[in-house]
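Protein chains in written order, with the working numbering: chain G, -19 to 596; chain H, -18 to 200.
There could be a bad hint or two in this list.
Partial list, computed: chain H residues near chain G (C-beta under 7 Å) [unchecked claim]: (1) N56; (2) P135; (3) D137.
Under the rule of at most 20 Å between Cα atoms (straight-line distance), these lysine to aspartate or glutamate pairs were calculated in the EDC-like manner [claimed, not checked]: (4) G/K66 / G/D389; (5) G/K477 / H/E70; (6) G/K477 / H/D137; (7) G/K66 / G/D500; (8) G/K22 / H/E44.
Just so you know, these hints were derived from the structure itself, not from any lab.
Because the structure is a prediction, the values reported are computed rather than measured.
C-beta: ideal position from N, C-alpha, C; glycine also.
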Amino acid sequence: MQHVKLLFLAVLTLGLVGCGSGSSSSNSNDGAPASYVPPGEKDDYYLFYSGGHSGQVFVAGMPSLREIQTVPVFTPSPGHGYGFSKKSKEMMGEYRWGDVHHPGLSKTDGTYDGRWLFVNDNANNRVARISLRDFRTKQILGPIPNSMGNHGSSFVTPNTEYLLVATRFSVPLPKGSHAPVETYQENFNGIVSGVDIDQETGEMSVGWQVKTPPFNWDLGSTGKGPSDGWAFWTSYNTEMAHDSLEINASQRDRDFAAFVNWERAEEVVQNQDVNTRNGVPLIDPAEHEGVMYFVPVSKSPHGIDASPSGRWIVASGKLQPTTTVFDFEQVKTAIENEDFQGEFRGVPVLNYDSIVEGEVPVGQGPLHTQYDGEGNAYTSLFIESAVAKWSLPPWDEETKQDMSQAVTDKINVHYNIGHLVIPGSDTKEPYGDWLVAMNKLKKDRGLSVGPEMPETSQLIDISGEEMEMIEEDYTAPEPHFAQAVPADVIDPIEVYKQENNDHPEARWEPENTGVTRNGDQVTVHMISKRSQYYPDKVEVEQGDEVTFHLTNIEQVSDMIHGFGIAEHNMNGVVAPGETKTFTITADKAGVYPFYCTNFCSALHQEMQGYLEVKPQ
Amino acid sequence: MLDFLNRIPDLLDRRVPDSGRLLLVAGAVMLAVSIFLPLWQIHLVAPQYQEGLDLYIHSHKLEAGNEGQDLTEINNLNHYIGMAPIEEEDFAEMTFIPFLLGAFSLLALRAAFFGTVKSVVDTLVLFVYFGAFSMWRFYYQLYTYAHNLDPRAPMDIEPFTPILIGWKKIANFTQYSFPREGSALLLLTVLCFAGAIWMAVRQDHAAYEEESEPESATA
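For reference, chain G alone in the conformation it holds in the complex (with noise of 0.2 Å):
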């Protein structure tokens, strides 16, 4: 498919050319037909984009770039009734956004598998799971105990294990109490958290956490092959300052990353020899040897990215222009021999020296690293707006002697890249044709539309030598860090079979539907099909709450219903063959309509009825 495209695009830009106009320069670069997907044809890959401080996912197609949905995961969505239904309005709780950062997808064997989207809430301590079935979210855990502003999520392990979360912010422990911010370093604290995942439903819930002296946890990635069973951080604060970070947490040259066993973890909770806080086991490492362990690296570091083999553990700092090798078969070395260059808080800082393999000059500013598979690594470098090309190790004499050999092609990205991705670029096998920069800003690059200007997304080929340019597009805000996986690793369902409906208030016949009372209760079961809802007609008494079980008995794709009722506050959104639940108080006397929002045939605008609410 590829393959064809590309050939496509050589004849046709050979056509361009063959035009003679003169102005040919640009041709290599603008490159549009690369990532051009005729209409019909459908993208490549899935791209899910964290929606930020939006509180959703978006999925857009690749190479099109192009936008196909939004997953509601923290903020309500008219749009797909979410946040309107029971389900979805207990399961967000009290709040209405959260501030999502890192997708990270499940993974079989250290390879993706096409069964959930897990998502972070930096803001209100939450993770999320999609569905990637019907692209929903499917349950959201969390504030999670003891934990504020887990930033440091959501990084999968190699067979779903767990999903690990770490805080950047500290508090006093337990949550909720207090100690005033001048005793910063004595009263509080960091989590690093074990979100356990049932392996058939996907069931979350908090397994363990390790209590951290209170730096800033930063990003972080789980290890694979013979780092399997660690998850790596990067923090930054280790000045464990409480004011005026800008200045105080940049003081010290290196700061810690933590190097954490799991498995290990894992251990010390089932030997039962840890006290819990909040319902959770919570293990001190300096009291359970092997949890955890400290790691020097280059000032302010952001990103840490294992490589696909695992052995590779590739940490920058933001302010420092060199990316950091470690090398796991020596972390692994010095842990057995006890090569620690000291100890903070009672947990073991390891070697420097001894674990690293090289300090590769990048550029400045560099954040995240992304995988080809082929050896070769890709860092994200915010202050150059640039990514650079680098080899993994193992380095030849010269390199190491001159380790700028080991960068090899610089390209050029509009204004401040944040995250890249790489599909597959955290499993074992990553598809290394595509990256895409996302920029954290965009000053000129098309249409103005006023202050709030979109992010910008660039799409780069990085299945050649050098790194070309191919494609660009927007975002709404904010996203930070994606997930990309082949088309054919998805397989989503596009109606929910009524075999399948386990909703006990389903309705499938008008025969079976109505209108019933108890005290001021009242539930309606409703059904509601092309173009027509049964009944159409509801009475009620002012100040009933009023709750709806809409069916919609339609079966095909995209059939679907809205339900909206007019100055309720209520848009209910049902695919084909699901049961919503939704409630509504009928405080105000008169004649309300409920109409179809979503279109579904040519007879959709007279899909409508009529609430009546008689006054007292």
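Starting from the structure of chain G, add chain H where the hints point.
Chain H only, in chain G's frame:
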């Protein structure tokens, strides 16, 4: 011609040769198999249904594409023009046609057993009547559905006759209607019957020639 007509009573009493009787057994088997295969297919295509909606007419049931969902969909669409929902219960013949096919299979076996042209002709003639009746019923059903449109229907369209074989444009849909493997087997069965009769005619003729040849040699 008259000569041929005069020979008919004689033909009817002739015996079908063994190879012809084998054809009759083959016909019996095909009849039996056809009970389990679709006889006809109606395929509807529209811009919003590019992959098409399918109805398969079997001797004993109505089957629809997409695990039966296509029939619900066709009925959903038809309700806009006031057409009654197409239901298997409306096809009374589906309760007896499979048995008739079974009976014809037995008749074919009977003809193979007795091996007389007469029994083959009887089976064939009855079978052709049966085929014509079935086609008429099918046509009549389609006609009835498309002519008894509810006057209160949201969309007002002229009653129409769906096509039995071929294709036809109806509103935004193109209807394709064509026989399927079950019907092909029934047609093959007719050919088997005809073949058996033909073999009987040919064989006896040959035998007659053989018999007469020595006579002429001696002449």
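The hints, checked one at a time:
{"no.": "1", "hint": "N56", "result": "violated (11 Å)"}
{"no.": "2", "hint": "P135", "result": "holds (6 Å)"}
{"no.": "3", "hint": "D137", "result": "violated (13 Å)"}
{"no.": "4", "hint": "G/K66 / G/D389", "result": "violated (53 Å)"}
{"no.": "5", "hint": "G/K477 / H/E70", "result": "violated (24 Å)"}
{"no.": "6", "hint": "G/K477 / H/D137", "result": "violated (33 Å)"}
{"no.": "7", "hint": "G/K66 / G/D500", "result": "holds (18 Å)"}
{"no.": "8", "hint": "G/K22 / H/E44", "result": "violated (31 Å)"}
Violated hints, listed in ascending order, are 1, 3, 4, 5, 6, 8; each of the other numbered hints is respected by the structure.
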